[in-house]
Amino acid sequence: MRCAILGSGNIGTDLMMKLLKGTDASGSAPTPLELVALVGIDPASDGLARAKRLGIDGPHEGPDWILEHADDIDMVFDATSAYVHVRHYKQYQEAGITAVDLTPAARGPKVIAAVNLTEHLDAPNINMVTCGGQATTPMVYAVRRALADLPYAEMVSTVASKSAGPGTRQNIDEFTKTTSTALREIGGATTSKAIIILNPAEPPIMMRNTVFAALPEGTDHDAVLESVLAMEADVQKYVPGYRLKNPPVIEEGPFSTPGGVVPHRAVVLLQVEGAGDYLPPYAGNLDIMTAAAQRVGEAIAHHKAGTTTGANA
Amino acid sequence: MTTATTDYRLIDSTLRDGSHAISHQYYADDVVRIVKGLDAAGVQVIEIAHGDGLGGSSFNYGFSAVPEKELIARACDVTTNAKIACLLLPGIGLADDLREVNELGVSVARIAVHCTEADITEQHIKVAKDLGMEAIGFLMMAHMNSPEGLVEQALLMQSYGADTIYIADSAGAMTTDDVRRRVNALTTALEVPVGVHAHNNLSMAVANSIAAYEEGAKNLDGTSAGLGAGAGNCPTEILAAVSTKYGIETGVDPLALMDLAEDVVRPLMPRQQVIDRAGLILGYAGVYGSFLLHSQRAAERYNVPQSEILLELGRRQVVGGQEDMIIDVALELAAKHAAQESAGKEAGE
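Residue numbers (the numbering used here), protein chains in the order written: chain A, 1 to 313; chain B, 1 to 349.
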């Protein structure tokens with residue numbers, strides 16, 4: 001499937017480096033995605049210069065270039081901003097280009113690669129939620145599937161200041177709102193909260209994510225812990241640096257959550273180390289986003305071609 | 001923003017920062033009595049919110065006993081002269097929260113952020129200004145940035161429209177010299193007034209506040225009986241009394257504040273604000289004050305020394321809001337101790 005990446009910043013360039021490896025997100029099979037171009041708006045950007053050095057077309061005409069080349073492109077990975085995506089997403093759809101949206105614009109259905117990868121393979125537009133959402137929703141879902149009901153889940157994401165770009169900084173509410181919604185809609189929690197913290201320490205810290213989940217009376221704690229460990233392995237299939245920093249623990253309350261009073265909570269402490277494809281390994285927040293987008297793009301490509309996905313391998 | 005008759009403006013945060021010390025268990029009656037007491041004593045601004053700001057009620061920071069907006073509505077109802085303020089940390093609370101509390105009558109919004117991350121406050125400062133609120137930029141953990149670095153951050157907030165810029169010694173880690181250098185740099189560089197929010201972990205809160213005033217700060221924070229995160233805040237009644245002794249006009253009645261602290265606030269307190277070992281270590285290691293009670297609980301839960309948890313958090317340069325890292329550190333210390341114990345047993349066999 002022929003694809004282009006729109007946006008030549010950190011995310012777009014990192015995704016380009018991943019696609020140029022030739023293997024799919026699991027690293028074990030060839031990718032079905034053929035990268036046609038990295039499209040930016042600034043001819044002097046580092047990302048476009050790198051694309052040209054690597055023999056990839058690097059135009060700087062932005063969304064217009066995508067629409068003018070609709071016949072040569074089946075899929076666009078949009079790594080611009082929510083604002084730009086909202087302005088153009090209908091045009092991509094009308095031009096028959098599937099959009100995998102890495103901005104928090106949230107126009108299409110949300111996909112968390114480890115949870116609902118195959119749910120929206122025919123949708124013209126897929127939203128990749130947020131980096132924190134990709135990191136924590138799988139664990140919320142992991143707890144949820146071990147329970148009859150998950151009344152409340154919460155995530156705290158701490159990223160190195162250096163890896164938080166201007167888009168995140170100017171619109172931090174979008175991050176927490178979109179992430180919190182994903183914890184409910186895809187993670188399966190009844191109520192939720194998302195928190196993001198920026199840490200300026202030098203050397204930069206690895207992306208850290210903590211999931212707290214309310215455990216009602218009668219929960220099988222061992223089943224929760226087992227489910228969390230199984231999910232760690234599932235995410236590692238496409239983000240090798242995703243790991244439990246400490247074993248998951250069950251803490252005794254009671255806790256007066258927005259979903260009601262519960263006797264216990266599960267605490268899942270995660271660290272995401274990036275693959276270092278473009279940005280340094282501490283920027284696990286960018287890596288989990290690009291790895292998940294690649295995973296989703298490949299699943300769509302296999303679906304449309306009627307071939308087996310790496311996800312099933 | 002001082003009136004003609006006062007030398008600085010006193011902002012009381014008993015109902016916000018004080019909330020940490022009672023694990024966010026304020027009830028409406030407490031709010032009514034404290035607001036009435038502060039208002040009658042002449043305090044100009046009363047801050048109220050979850051200790052971690054609007055939207056702070058959570059697993060990570062502790063759930064509020066009563067939804068903060070109910071408490072804020074009561075505060076707005078009973079105040080006569082004092083303005084009601086709130087605090088918001090972008091990343092925890094939302095601009096929508098500002099809109100809601102503004103409807104309730106809150107007229108001052110303090111937008112708080114780690115002292116190197118001012119650019120995440122643009123959205124919220126602008127929303128506060130659009131709502132017609134006074135917007136105060138609030139740079140936390142100010143000991144972790146240089147005077148020049150703080151000026152750079154404060155200028156960003158000023159450019160977004162902040163009416164006043166505060167630095168907060170959230171870890172109670174600053175000496176008087178540290179405060180003087182920072183306030184001096186800020187008052188020199190900024191067009192807007194400067195404020196200081198002090199904590200008492202090194203027993204410096206009142207002295208640091210007075211030093212800040214001498215360097216040109218026009219806003220100072222206190223809490224009744226020092227109720228607050230860590231070893232506590234600058235006690236409002238002591239700051240008022242000391243200011244009077246210095247001949248600094250505050251516009252508040254120190255005796256009325258002493259009555260409030262003694263008769264209303266102290267009886268509410270599960271523990272008096274003393275500088276015990278854990279409190280002192282916060283200031284000594286430069287760790288965010290609200291980690292105190294969370295680290296005490298983790299120490300009990302995982303049977304590891306609280307002081308070791310706090311020292312490790314200091315080494316990791318953890319910032320405000322990263323309370324989840326307390327559990328992370330406690331689990332690692334517990335695993336380390338268990339490994340040492342089993343190694344010791346083997347050696348002894």
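By construction, these hints were calculated from the structure, which means they are not laboratory data. The C-beta atom is built at its ideal place from N, Cα and C for all residues, glycine as well. Take the hints with a grain of salt, since some may be wrong.
[Said to hold, decoys possible] Restricting the straight-line Cα-Cα distance to at most 25 Å, the calculated cross-link-like pairs of lysine-lysine (DSS-like) are:
no. : chain 1 : residue 1 : chain 2 : residue 2
1   : A       : Lys177    : B       : Lys218
2   : B       : Lys69     : B       : Lys218
3   : A       : Lys21     : A       : Lys90
4   : B       : Lys36     : B       : Lys69
5   : A       : Lys90     : A       : Lys52
6   : B       : Lys126    : B       : Lys36
7   : B       : Lys336    : A       : Lys245
8   : B       : Lys336    : A       : Lys177
9   : A       : Lys90     : A       : Lys162
10  : A       : Lys177    : B       : Lys36
11  : A       : Lys304    : A       : Lys21
12  : A       : Lys90     : A       : Lys245
[Stated by the list, open to error] Label pairs and their in silico Cβ distance ranges:
no. : chain 1 : residue 1 : chain 2 : residue 2 : range
13  : B       : Asp177    : A       : Glu217    : 23 to 33 Å
14  : A       : Glu226    : B       : Arg301    : 40 to 50 Å
15  : B       : Asp177    : A       : Pro280    : 33 to 43 Å
16  : A       : Glu226    : B       : Asp263    : 27 to 37 Å
17  : A       : Glu226    : B       : Asp177    : 47 to 57 Å
18  : B       : Asp96     : A       : Asp220    : 52 to 62 Å
19  : A       : Ser28     : B       : Gly344    : 41 to 51 Å
20  : A       : Gly260    : B       : Tyr27     : 32 to 42 Å
21  : A       : Gln236    : B       : Glu214    : 49 to 59 Å
22  : B       : Asp263    : A       : Gly260    : 30 to 40 Å
When you take the CB atoms of Glu226 (chain A) and Arg301 (chain B), is the distance between them in 40 to 50 Å?
-> Given range 40 to 50 Å: violated, Cβ gap about 22 Å.
Look at the Cβ atoms of Ser28 (chain A) and Gly344 (chain B) and judge whether their distance stays inside 41 to 51 Å.
-> 45 Å, holds
Given the proposed pairing of Lys36 (chain B) with Lys69 (chain B), does the C-alpha separation stay at or below 25 Å?
-> Roughly 18 Å between the alpha carbons, so the hint for Lys36 (chain B) and Lys69 (chain B) holds.
If you draw a straight line from the CA of Lys90 (chain A) to the CA of Lys245 (chain A), is it 25 Å or shorter?
-> At roughly 41 Å apart (the allowed maximum being 25 Å), Lys245 (chain A) and Lys90 (chain A) break the hint.
With a cut-off of 25 Å on the C-alpha distance, tell me whether Lys90 (chain A) and Lys52 (chain A) pass.
-> Since the Cα atoms of Lys90 (chain A) and Lys52 (chain A) sit roughly 29 Å apart, the hinted pair is violated (cutoff 25 Å).
25 Å Cα cutoff - pair Lys336 (chain B), Lys177 (chain A) = The hint is violated at about 38 Å.
Does the Cβ-Cβ separation between Glu226 (chain A) and Asp263 (chain B) fall within 27 to 37 Å?
-> Violated - the Cβ-Cβ distance for Glu226 (chain A) and Asp263 (chain B), about 55 Å, lies outside 27 to 37 Å.
Within 25 Å, alpha carbon to alpha carbon, are Lys126 (chain B) and Lys36 (chain B)?
-> Roughly 31 Å separates the two Cα atoms, so the pair is violated.
For the pair we were handed, Lys177 (chain A) and Lys36 (chain B), check the Cα-Cα distance against 25 Å.
-> 36 Å, violated
Does 33 to 43 Å hold as the CB distance between Asp177 (chain B) and Pro280 (chain A), or does it fail?
-> Distance hint for Asp177 (chain B), Pro280 (chain A) holds at roughly 36 Å.
Going straight from one Cα to the other, do Lys177 (chain A) and Lys218 (chain B) come out at no more than 25 Å?
-> Answer violated: Lys177 (chain A) to Lys218 (chain B) is near 36 Å, above 25 Å.
For the pair we were handed, Lys90 (chain A) and Lys162 (chain A), check the Cα-Cα distance against 25 Å.
-> 33 Å, violated
In this structure, the hints that do not hold are numbers 1, 2, 3, 5, 6, 8, 9, 10, 12, 13, 14, 16, 18, 20, in rising order.
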